[in-house]
Amino acid sequence: MALSVYLLATAFGPLVIGPLSEVYGRKPVFHTTNLWFLVWNLVCGFANSKGLLIASRLLAGFGASAVYSLAYGVLGDVWSPEQRGRSLSWYALVPLTGSAIGPIAGGFITQYSTWRWVFWATTILQVVLELCSVPLVRDETYAPLILRRKAETLRKETNDSRYHAEIEILESGQSATYKLQRSLSRPLRLLAFHPIIQIQALLAGINYGLLYLSLSSFSTLFVNQYGQSLSISGLHYIALCTGSIIGSQIVGPLMDYVYKTLTARAGNNPYPELRVPLLLPSVFFTPIGLLLYGWAARYHLFWLVVDVGACLLSLGMQVFDTSLSAYVMDSYPEHVSSASAATQVFRSLLAFAFPLFADKMYHTIGYGWGNTLLAFLSFFIALPTTGILWNFGASLRQRRQSSH
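Counting from 1005, one number per residue, gives the positions in the sequence shown under the working numbering.
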(Lines of atoms letter the chains of each structure in order from A and count residues from 1; the text may use other names and numbers.)
(Lines give C-alpha, C1' and ligand atoms only; values in the text may rest on other atoms or scores of the structure.)
Protein backbone atom coordinates (compact mmCIF):
# COMPACT_ATOMS: atom_id res chain seq x y z
CA MET A 1 0.00 0.00 0.00
CA ALA A 2 2.88 2.38 0.79
CA LEU A 3 4.24 1.81 -2.74
CA SER A 4 0.86 2.27 -4.40
CA VAL A 5 -0.10 5.43 -2.50
CA TYR A 6 3.25 6.98 -3.42
CA LEU A 7 2.49 6.27 -7.08
CA LEU A 8 -0.99 7.73 -6.65
CA ALA A 9 0.65 11.01 -5.62
CA THR A 10 2.86 10.98 -8.70
CA ALA A 11 -0.31 10.83 -10.82
CA PHE A 12 -1.81 14.05 -9.52
CA GLY A 13 1.25 16.03 -8.40
CA PRO A 14 2.43 16.87 -11.94
CA LEU A 15 -1.05 18.24 -12.78
CA VAL A 16 -0.26 21.14 -10.45
CA ILE A 17 3.53 21.27 -10.57
CA GLY A 18 3.90 21.20 -14.37
CA PRO A 19 1.59 24.16 -15.08
CA LEU A 20 3.02 26.16 -12.17
CA SER A 21 6.50 25.83 -13.69
CA GLU A 22 5.09 27.39 -16.89
CA VAL A 23 3.72 30.34 -14.91
CA TYR A 24 6.39 31.02 -12.27
CA GLY A 25 9.37 29.28 -13.87
CA ARG A 26 11.18 25.98 -13.39
CA LYS A 27 13.65 27.17 -10.75
CA PRO A 28 11.34 28.24 -7.86
CA VAL A 29 9.08 25.23 -8.38
CA PHE A 30 12.11 22.93 -8.44
CA HIS A 31 13.42 24.10 -5.06
CA THR A 32 9.97 24.27 -3.45
CA THR A 33 9.03 20.71 -4.38
CA ASN A 34 12.42 19.41 -3.25
CA LEU A 35 11.89 20.93 0.20
CA TRP A 36 8.34 19.60 0.33
CA PHE A 37 9.55 16.06 -0.38
CA LEU A 38 12.36 16.38 2.16
CA VAL A 39 9.98 17.33 5.00
CA TRP A 40 7.38 14.62 4.40
CA ASN A 41 9.95 11.91 3.70
CA LEU A 42 11.46 12.70 7.10
CA VAL A 43 8.01 12.42 8.69
CA CYS A 44 7.70 8.92 7.18
CA GLY A 45 10.70 7.84 9.23
CA PHE A 46 9.07 9.01 12.46
CA ALA A 47 5.58 7.68 11.69
CA ASN A 48 4.11 5.73 14.62
CA SER A 49 0.96 4.52 12.90
CA LYS A 50 -0.01 3.02 9.58
CA GLY A 51 -2.29 5.96 8.81
CA LEU A 52 0.45 8.55 9.38
CA LEU A 53 2.92 6.55 7.29
CA ILE A 54 0.49 6.31 4.36
CA ALA A 55 -0.48 10.00 4.61
CA SER A 56 3.11 11.24 4.80
CA ARG A 57 4.11 8.87 2.01
CA LEU A 58 1.33 10.35 -0.14
CA LEU A 59 2.51 13.91 0.56
CA ALA A 60 6.16 12.97 -0.04
CA GLY A 61 5.16 11.47 -3.38
CA PHE A 62 3.50 14.74 -4.34
CA GLY A 63 6.83 16.56 -3.95
CA ALA A 64 8.81 13.83 -5.67
CA SER A 65 6.40 13.87 -8.61
CA ALA A 66 7.94 17.15 -9.78
CA VAL A 67 10.54 15.17 -11.70
CA TYR A 68 7.89 13.78 -14.06
CA SER A 69 7.07 17.22 -15.42
CA LEU A 70 10.02 19.46 -14.54
CA ALA A 71 12.76 17.18 -15.85
CA TYR A 72 11.30 16.85 -19.33
CA GLY A 73 10.42 20.54 -19.30
CA VAL A 74 14.02 21.55 -18.58
CA LEU A 75 15.41 19.10 -21.15
CA GLY A 76 12.99 20.48 -23.73
CA ASP A 77 14.04 24.04 -22.81
CA VAL A 78 17.78 23.44 -23.10
CA TRP A 79 18.33 20.82 -25.83
CA SER A 80 17.39 21.04 -29.50
CA PRO A 81 15.29 18.27 -31.13
CA GLU A 82 18.41 16.97 -32.91
CA GLN A 83 20.02 16.37 -29.49
CA ARG A 84 16.89 15.09 -27.77
CA GLY A 85 17.99 11.46 -27.64
CA ARG A 86 21.35 12.07 -25.99
CA SER A 87 19.90 14.49 -23.45
CA LEU A 88 17.23 11.98 -22.43
CA SER A 89 19.75 9.13 -22.19
CA TRP A 90 22.15 11.17 -20.03
CA TYR A 91 19.33 12.27 -17.78
CA ALA A 92 18.03 8.71 -17.41
CA LEU A 93 21.33 7.42 -16.01
CA VAL A 94 20.80 8.94 -12.56
CA PRO A 95 17.25 7.75 -11.74
CA LEU A 96 17.89 4.36 -13.34
CA THR A 97 21.02 3.83 -11.27
CA GLY A 98 19.07 4.92 -8.22
CA SER A 99 16.32 2.41 -8.98
CA ALA A 100 18.93 -0.37 -8.72
CA ILE A 101 20.77 0.94 -5.67
CA GLY A 102 17.55 1.78 -3.77
CA PRO A 103 16.06 -1.72 -3.43
CA ILE A 104 19.47 -3.23 -2.68
CA ALA A 105 20.26 -0.68 0.01
CA GLY A 106 16.70 -0.90 1.33
CA GLY A 107 16.95 -4.67 1.65
CA PHE A 108 20.17 -4.52 3.68
CA ILE A 109 18.92 -1.62 5.82
CA THR A 110 15.65 -3.42 6.62
CA GLN A 111 17.41 -6.70 7.42
CA TYR A 112 20.21 -5.29 9.58
CA SER A 113 18.66 -2.12 11.00
CA THR A 114 15.14 -0.70 10.88
CA TRP A 115 12.85 0.31 8.05
CA ARG A 116 12.87 3.86 9.44
CA TRP A 117 16.46 4.29 8.28
CA VAL A 118 15.26 3.82 4.70
CA PHE A 119 13.52 7.18 5.03
CA TRP A 120 16.14 8.84 7.20
CA ALA A 121 18.96 7.88 4.83
CA THR A 122 17.12 9.20 1.77
CA THR A 123 16.30 12.40 3.67
CA ILE A 124 19.98 12.94 4.48
CA LEU A 125 20.85 12.38 0.81
CA GLN A 126 18.11 14.81 -0.24
CA VAL A 127 19.49 17.51 2.09
CA VAL A 128 22.95 17.13 0.56
CA LEU A 129 21.61 17.24 -3.00
CA GLU A 130 19.41 20.27 -2.33
CA LEU A 131 22.31 22.20 -0.79
CA CYS A 132 24.44 21.36 -3.83
CA SER A 133 21.67 22.41 -6.21
CA VAL A 134 21.30 25.92 -4.77
CA PRO A 135 24.50 27.30 -6.34
CA LEU A 136 24.21 25.06 -9.43
CA VAL A 137 20.56 25.66 -10.40
CA ARG A 138 20.83 29.43 -10.77
CA ASP A 139 19.20 30.31 -14.08
CA GLU A 140 15.67 30.00 -15.41
CA THR A 141 15.28 27.82 -18.51
CA TYR A 142 11.64 28.33 -19.60
CA ALA A 143 11.93 30.48 -22.73
CA PRO A 144 8.51 32.25 -22.67
CA LEU A 145 9.12 33.42 -19.11
CA ILE A 146 12.69 34.53 -19.89
CA LEU A 147 11.45 36.53 -22.89
CA ARG A 148 8.63 38.05 -20.82
CA ARG A 149 11.10 39.23 -18.19
CA LYS A 150 13.44 40.53 -20.89
CA ALA A 151 10.61 42.52 -22.49
CA GLU A 152 9.61 43.96 -19.11
CA THR A 153 13.21 45.01 -18.47
CA LEU A 154 13.53 46.65 -21.90
CA ARG A 155 10.27 48.56 -21.44
CA LYS A 156 11.48 49.80 -18.09
CA GLU A 157 14.99 50.74 -19.25
CA THR A 158 13.99 52.37 -22.55
CA ASN A 159 10.56 53.65 -21.56
CA ASP A 160 9.36 52.14 -24.86
CA SER A 161 6.10 50.20 -24.60
CA ARG A 162 6.58 48.48 -27.98
CA TYR A 163 8.73 45.71 -26.48
CA HIS A 164 6.53 42.64 -25.95
CA ALA A 165 7.14 38.91 -25.68
CA GLU A 166 4.93 36.54 -27.66
CA ILE A 167 3.40 35.13 -24.48
CA GLU A 168 2.34 38.64 -23.43
CA ILE A 169 0.50 39.13 -26.72
CA LEU A 170 -1.27 35.76 -26.39
CA GLU A 171 -2.32 36.56 -22.82
CA SER A 172 -3.22 40.19 -23.46
CA GLY A 173 -6.29 41.30 -21.51
CA GLN A 174 -6.34 38.22 -19.29
CA SER A 175 -6.36 38.58 -15.51
CA ALA A 176 -3.73 36.85 -13.38
CA THR A 177 -6.42 34.58 -11.93
CA TYR A 178 -7.67 33.56 -15.37
CA LYS A 179 -4.14 32.84 -16.61
CA LEU A 180 -3.46 30.67 -13.56
CA GLN A 181 -6.74 28.80 -14.05
CA ARG A 182 -5.93 28.17 -17.72
CA SER A 183 -2.47 26.94 -16.83
CA LEU A 184 -3.66 24.60 -14.07
CA SER A 185 -6.37 23.15 -16.31
CA ARG A 186 -4.02 22.64 -19.26
CA PRO A 187 -2.89 19.04 -18.49
CA LEU A 188 -6.47 17.83 -18.10
CA ARG A 189 -7.54 19.70 -21.24
CA LEU A 190 -4.71 18.04 -23.14
CA LEU A 191 -5.74 14.64 -21.81
CA ALA A 192 -9.43 15.19 -22.55
CA PHE A 193 -9.29 16.79 -26.01
CA HIS A 194 -5.96 15.84 -27.62
CA PRO A 195 -5.96 12.34 -29.20
CA ILE A 196 -2.16 12.33 -29.38
CA ILE A 197 -1.91 12.76 -25.61
CA GLN A 198 -4.61 10.11 -25.07
CA ILE A 199 -2.70 7.55 -27.15
CA GLN A 200 0.59 8.42 -25.49
CA ALA A 201 -1.01 8.19 -22.04
CA LEU A 202 -2.42 4.74 -22.82
CA LEU A 203 0.89 3.41 -24.13
CA ALA A 204 2.92 4.90 -21.28
CA GLY A 205 0.35 3.71 -18.74
CA ILE A 206 0.50 0.08 -19.87
CA ASN A 207 4.29 0.24 -19.97
CA TYR A 208 4.58 1.77 -16.49
CA GLY A 209 1.95 -0.51 -14.99
CA LEU A 210 3.78 -3.61 -16.21
CA LEU A 211 7.05 -2.27 -14.84
CA TYR A 212 5.68 -1.67 -11.35
CA LEU A 213 3.83 -4.96 -11.35
CA SER A 214 7.19 -6.61 -12.02
CA LEU A 215 8.89 -4.53 -9.35
CA SER A 216 6.25 -5.39 -6.75
CA SER A 217 6.63 -9.15 -7.30
CA PHE A 218 10.34 -9.38 -8.06
CA SER A 219 11.78 -9.53 -4.54
CA THR A 220 8.95 -11.76 -3.30
CA LEU A 221 9.65 -14.25 -6.09
CA PHE A 222 13.23 -14.88 -5.00
CA VAL A 223 12.33 -15.04 -1.31
CA ASN A 224 9.37 -17.43 -1.68
CA GLN A 225 10.35 -19.48 -4.74
CA TYR A 226 14.15 -19.55 -4.46
CA GLY A 227 14.52 -19.33 -0.67
CA GLN A 228 16.83 -16.32 -0.73
CA SER A 229 17.16 -13.78 2.07
CA LEU A 230 15.58 -10.35 1.79
CA SER A 231 18.94 -8.64 1.30
CA ILE A 232 20.12 -11.09 -1.39
CA SER A 233 16.79 -10.99 -3.22
CA GLY A 234 17.22 -7.22 -3.56
CA LEU A 235 20.36 -7.79 -5.63
CA HIS A 236 18.22 -9.09 -8.48
CA TYR A 237 16.96 -5.55 -9.09
CA ILE A 238 20.37 -5.05 -10.72
CA ALA A 239 18.99 -7.04 -13.67
CA LEU A 240 16.08 -4.61 -14.12
CA CYS A 241 18.41 -1.65 -13.76
CA THR A 242 20.96 -3.11 -16.18
CA GLY A 243 18.32 -3.52 -18.86
CA SER A 244 17.05 0.03 -18.33
CA ILE A 245 20.53 1.54 -18.44
CA ILE A 246 21.49 -0.41 -21.58
CA GLY A 247 18.22 0.61 -23.19
CA SER A 248 18.63 4.28 -22.32
CA GLN A 249 22.21 4.47 -23.57
CA ILE A 250 21.40 2.64 -26.83
CA VAL A 251 18.23 4.53 -27.65
CA GLY A 252 19.70 8.01 -27.08
CA PRO A 253 22.38 8.10 -29.82
CA LEU A 254 20.27 5.83 -32.04
CA MET A 255 17.30 8.17 -31.73
CA ASP A 256 19.37 11.18 -32.78
CA TYR A 257 20.83 9.26 -35.73
CA VAL A 258 17.43 8.02 -36.94
CA TYR A 259 15.89 11.47 -36.46
CA LYS A 260 18.60 13.21 -38.50
CA THR A 261 18.48 10.53 -41.22
CA LEU A 262 14.70 10.64 -41.57
CA THR A 263 14.74 14.45 -41.43
CA ALA A 264 17.15 14.53 -44.37
CA ARG A 265 14.91 12.14 -46.31
CA ALA A 266 11.92 14.39 -45.54
CA GLY A 267 13.64 17.37 -47.15
CA ASN A 268 14.95 18.75 -43.85
CA ASN A 269 11.38 19.17 -42.65
CA PRO A 270 11.31 17.38 -39.26
CA TYR A 271 8.09 16.36 -37.52
CA PRO A 272 7.37 14.47 -34.24
CA GLU A 273 6.40 11.19 -35.93
CA LEU A 274 10.07 10.66 -36.82
CA ARG A 275 10.41 9.42 -33.22
CA VAL A 276 7.90 6.59 -33.73
CA PRO A 277 10.09 3.97 -35.53
CA LEU A 278 12.12 3.36 -32.37
CA LEU A 279 8.95 2.34 -30.53
CA LEU A 280 8.78 -0.81 -32.65
CA PRO A 281 11.73 -2.80 -31.17
CA SER A 282 10.36 -2.40 -27.65
CA VAL A 283 6.99 -3.74 -28.80
CA PHE A 284 8.78 -7.10 -29.14
CA PHE A 285 11.45 -6.87 -26.41
CA THR A 286 8.96 -6.26 -23.60
CA PRO A 287 6.71 -9.33 -24.15
CA ILE A 288 9.73 -11.56 -24.83
CA GLY A 289 11.21 -10.46 -21.50
CA LEU A 290 7.90 -11.06 -19.71
CA LEU A 291 7.58 -14.57 -21.15
CA LEU A 292 11.16 -15.56 -20.30
CA TYR A 293 10.88 -14.12 -16.79
CA GLY A 294 7.51 -15.77 -16.12
CA TRP A 295 8.16 -19.27 -17.42
CA ALA A 296 11.69 -19.44 -15.96
CA ALA A 297 10.16 -18.62 -12.58
CA ARG A 298 7.34 -21.12 -13.15
CA TYR A 299 9.76 -24.02 -13.69
CA HIS A 300 12.31 -22.79 -11.13
CA LEU A 301 15.09 -22.49 -13.69
CA PHE A 302 18.45 -21.08 -12.66
CA TRP A 303 17.90 -17.60 -11.22
CA LEU A 304 20.09 -16.02 -13.92
CA VAL A 305 17.50 -16.98 -16.57
CA VAL A 306 14.85 -15.04 -14.65
CA ASP A 307 17.21 -12.08 -14.45
CA VAL A 308 17.88 -12.18 -18.20
CA GLY A 309 14.12 -12.06 -18.81
CA ALA A 310 13.79 -9.12 -16.43
CA CYS A 311 16.69 -7.39 -18.17
CA LEU A 312 15.03 -7.74 -21.60
CA LEU A 313 11.74 -6.55 -20.12
CA SER A 314 13.22 -3.36 -18.66
CA LEU A 315 15.35 -2.75 -21.78
CA GLY A 316 12.27 -2.79 -23.98
CA MET A 317 10.34 -0.57 -21.60
CA GLN A 318 13.14 1.99 -21.42
CA VAL A 319 13.50 2.23 -25.20
CA PHE A 320 9.74 2.64 -25.47
CA ASP A 321 9.46 5.25 -22.71
CA THR A 322 12.38 7.35 -23.97
CA SER A 323 11.08 7.39 -27.54
CA LEU A 324 7.57 8.24 -26.37
CA SER A 325 8.87 11.05 -24.14
CA ALA A 326 10.74 12.55 -27.09
CA TYR A 327 7.54 12.40 -29.15
CA VAL A 328 5.64 14.31 -26.44
CA MET A 329 8.38 16.94 -26.22
CA ASP A 330 8.40 17.45 -29.99
CA SER A 331 4.60 17.61 -30.19
CA TYR A 332 4.22 20.27 -27.47
CA PRO A 333 7.46 22.31 -27.39
CA GLU A 334 5.96 25.27 -25.49
CA HIS A 335 4.13 23.17 -22.91
CA VAL A 336 6.38 20.15 -22.37
CA SER A 337 5.73 20.09 -18.61
CA SER A 338 1.95 20.18 -18.99
CA ALA A 339 2.01 17.54 -21.74
CA SER A 340 4.24 15.31 -19.61
CA ALA A 341 1.91 15.84 -16.64
CA ALA A 342 -1.08 14.81 -18.78
CA THR A 343 0.53 11.51 -19.78
CA GLN A 344 1.79 10.96 -16.24
CA VAL A 345 -1.76 10.81 -14.84
CA PHE A 346 -2.72 7.63 -16.66
CA ARG A 347 0.77 6.19 -16.29
CA SER A 348 0.84 6.54 -12.51
CA LEU A 349 -2.76 5.40 -12.06
CA LEU A 350 -1.96 2.11 -13.81
CA ALA A 351 1.30 1.83 -11.87
CA PHE A 352 -0.84 2.32 -8.75
CA ALA A 353 -3.41 -0.28 -9.80
CA PHE A 354 -1.31 -3.08 -11.30
CA PRO A 355 0.65 -4.03 -8.13
CA LEU A 356 -2.64 -4.30 -6.20
CA PHE A 357 -3.61 -7.48 -8.07
CA ALA A 358 -0.09 -8.85 -8.66
CA ASP A 359 -0.04 -11.25 -5.70
CA LYS A 360 -3.54 -12.57 -6.38
CA MET A 361 -2.83 -13.05 -10.09
CA TYR A 362 0.43 -14.92 -9.58
CA HIS A 363 -1.08 -17.00 -6.77
CA THR A 364 -4.05 -17.98 -8.96
CA ILE A 365 -2.47 -18.71 -12.36
CA GLY A 366 1.26 -18.68 -11.56
CA TYR A 367 4.17 -16.70 -12.95
CA GLY A 368 4.14 -18.44 -16.33
CA TRP A 369 0.55 -17.82 -17.38
CA GLY A 370 0.43 -14.54 -15.47
CA ASN A 371 3.31 -13.08 -17.47
CA THR A 372 1.92 -14.62 -20.67
CA LEU A 373 -1.28 -12.65 -20.09
CA LEU A 374 0.75 -9.48 -19.51
CA ALA A 375 2.86 -10.13 -22.61
CA PHE A 376 -0.25 -10.41 -24.81
CA LEU A 377 -1.68 -7.26 -23.22
CA SER A 378 1.54 -5.37 -23.93
CA PHE A 379 1.94 -6.59 -27.51
CA PHE A 380 -1.65 -6.25 -28.74
CA ILE A 381 -2.01 -2.72 -27.36
CA ALA A 382 1.43 -1.35 -28.22
CA LEU A 383 1.67 -2.63 -31.81
CA PRO A 384 -1.62 -1.19 -33.19
CA THR A 385 -1.25 2.14 -31.38
CA THR A 386 2.32 2.52 -32.62
CA GLY A 387 0.98 2.04 -36.15
CA ILE A 388 -1.71 4.65 -35.52
CA LEU A 389 0.89 7.21 -34.40
CA TRP A 390 3.06 6.57 -37.47
CA ASN A 391 0.24 6.69 -40.02
CA PHE A 392 -2.18 9.18 -38.49
CA GLY A 393 -0.17 11.12 -35.89
CA ALA A 394 0.34 14.16 -38.11
CA SER A 395 -3.35 14.48 -39.01
CA LEU A 396 -4.36 14.04 -35.36
CA ARG A 397 -1.98 16.82 -34.33
CA GLN A 398 -3.34 19.16 -37.01
CA ARG A 399 -6.91 18.76 -35.73
CA ARG A 400 -6.06 19.33 -32.08
CA GLN A 401 -7.14 22.36 -30.08
CA SER A 402 -4.64 24.99 -28.97
CA SER A 403 -2.67 24.02 -25.86
CA HIS A 404 -2.71 27.62 -24.54
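Calculated from the structure, these hints are not laboratory results.
Backbone N, C-alpha and C fix where the C-beta goes; we use that ideal spot for every residue, glycine too.
Any given hint could be a false lead.
[What the hints assert, rightly or not] Derived DSS-like pairs: lysine-lysine, alpha-carbon spacing no greater than 30 angstroms straight-line: (1) K1031 x K1183; (2) K1183 x K1160; (3) K1264 x K1183; (4) K1183 x K1154; (5) K1264 x K1054; (6) K1031 x K1160.
[What the hints assert, rightly or not] What follows is a list of derived Cβ distance ranges for each label pair: (7) K1054 x Y1230: 28 to 34 angstroms; (8) A1125 x P1388: 42 to 48 angstroms; (9) Y1230 x L1129: 42 to 48 angstroms; (10) H1035 x R1120: 25 to 31 angstroms; (11) E1144 x H1304: 41 to 47 angstroms.
| query | Okay, which hints does this one fail, numbers in order? | reply | 3, 5, 9 and 11
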